[in-house]
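Respectively, the protein sequence lines represent chains A and B.
Under our numbering, read the first sequence as residues -4 to 115, first letter to last.
Under our numbering, read the second sequence as residues -4 to 115, first letter to last.
Hints were generated in silico from the structure; no laboratory data involved.
Using N, Cα and C, we set each Cβ at its ideal position, and we do this for glycine too.
Check the hints yourself; a few may be wrong.
Said to hold, decoys possible - Cut-off 27 Å, straight-line C-alpha distance, at most; resulting in silico cross-link-like pairs (DSSO-like, lysine-lysine):
1) Lys23/B x Lys109/A
2) Lys21/A x Lys109/B
3) Lys109/B x Lys23/B
4) Lys102/A x Lys36/B
5) Lys23/B x Lys102/A
6) Lys32/A x Lys109/B
7) Lys23/B x Lys36/A
Unchecked claim - Which bits of chain B does chain A cover? Going by a derived footprint, with three or more residues having C-beta under 8 Å, they are:
8) 15 to 25
9) 54 to 65
10) 104 to 111
Claimed, not checked - Beta-carbon label-pair distances, calculated as ranges:
11) Ser97/B x Ala88/A: 22 to 28 Å
12) Ala57/A x Leu44/B: 22 to 28 Å
13) Ala77/B x Leu90/A: 24 to 30 Å
14) Leu90/B x Glu75/A: 36 to 42 Å
15) Val85/B x Lys36/A: 34 to 40 Å
16) Glu78/B x Leu62/A: 38 to 44 Å
17) Glu101/B x Glu94/A: 32 to 38 Å
18) Pro87/B x Ala81/A: 19 to 25 Å
2 protein chains.
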Amino acid sequence: MEEVSRPKEKTMEEVKGFVRRVLLFKFKAETAPDHVKQLIKDYSNLVNLVESLKTWHMGKDASIENLHEGFRHVFELTFEDAEGIAAYMVHPAHLEFHEQISPHLEKIVMIDYKLTSFHT
Amino acid sequence: MEEVSRPKEKTMEEVKGFVRRVLLFKFKAETAPDHVKQLIKDYSNLVNLVESLKTWHMGKDASIENLHEGFRHVFELTFEDAEGIAAYMVHPAHLEFHEQISPHLEKIVMIDYKLTSFHT
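Based on the sequences and whatever the hints tell you, model everything.
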């Protein structure tokens, strides 16, 4: 996360071209924790298989305010542009992973967006 | 987003100490677009007012898959650690902003998590 050590910038600006996808997952209760771990590992491996997928991050909810609405896993994927997402969506490795994980998800929220930054 | 130009890393790893908060907002339909813009501007300004808030990013939904569940705004805040979030939560500037924005939100999801990365 180099951005925290950047010099102060005083304007809000769009980071040119970058598109980020954020996904929140609630896994089904009947999916075993080890299976969830394996699915996440397979998910992370897409970054090695899909050229247009530039970064992959995940995290597990650790908030204390209880506003997670049952979503306990967050995934952040970054692409160079909207075409990169389009290429990812139809990539065989992604389609295969999608088939693998879908039966294990109780609910999902997904948003794609261009990043606008404001750094200290 | 320097991470995309980093050399290849082959292991999934936790980014030491960093905690990210992702928030999805659905603004109320009756809040005027200009008012939403002003609220977002005030939100971004917290990065200048709250020492423990290290980065602030936002984006507007541009996805075509319609899995946004009505959430059209995403906010990503980064803190050095959980103590940083705790300090932010009770900071007067944050509390004031919270009072300002709350009446305009129809729904919200919020998750805090330690980042785990996998870069190409």
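Hints, one by one, checked against the model:
| no. | hint | in the structure |
| --- | --- | --- |
| 1 | Lys23/B x Lys109/A | holds (22 Å) |
| 2 | Lys21/A x Lys109/B | holds (17 Å) |
| 3 | Lys109/B x Lys23/B | violated (30 Å) |
| 4 | Lys102/A x Lys36/B | violated (31 Å) |
| 5 | Lys23/B x Lys102/A | holds (23 Å) |
| 6 | Lys32/A x Lys109/B | holds (16 Å) |
| 7 | Lys23/B x Lys36/A | violated (38 Å) |
| 8 | 15 to 25 | holds (count 4) |
| 9 | 54 to 65 | holds (count 10) |
| 10 | 104 to 111 | holds (count 8) |
| 11 | Ser97/B x Ala88/A: 22 to 28 Å | violated (42 Å) |
| 12 | Ala57/A x Leu44/B: 22 to 28 Å | holds (24 Å) |
| 13 | Ala77/B x Leu90/A: 24 to 30 Å | violated (38 Å) |
| 14 | Leu90/B x Glu75/A: 36 to 42 Å | holds (38 Å) |
| 15 | Val85/B x Lys36/A: 34 to 40 Å | holds (38 Å) |
| 16 | Glu78/B x Leu62/A: 38 to 44 Å | violated (20 Å) |
| 17 | Glu101/B x Glu94/A: 32 to 38 Å | holds (34 Å) |
| 18 | Pro87/B x Ala81/A: 19 to 25 Å | violated (45 Å) |
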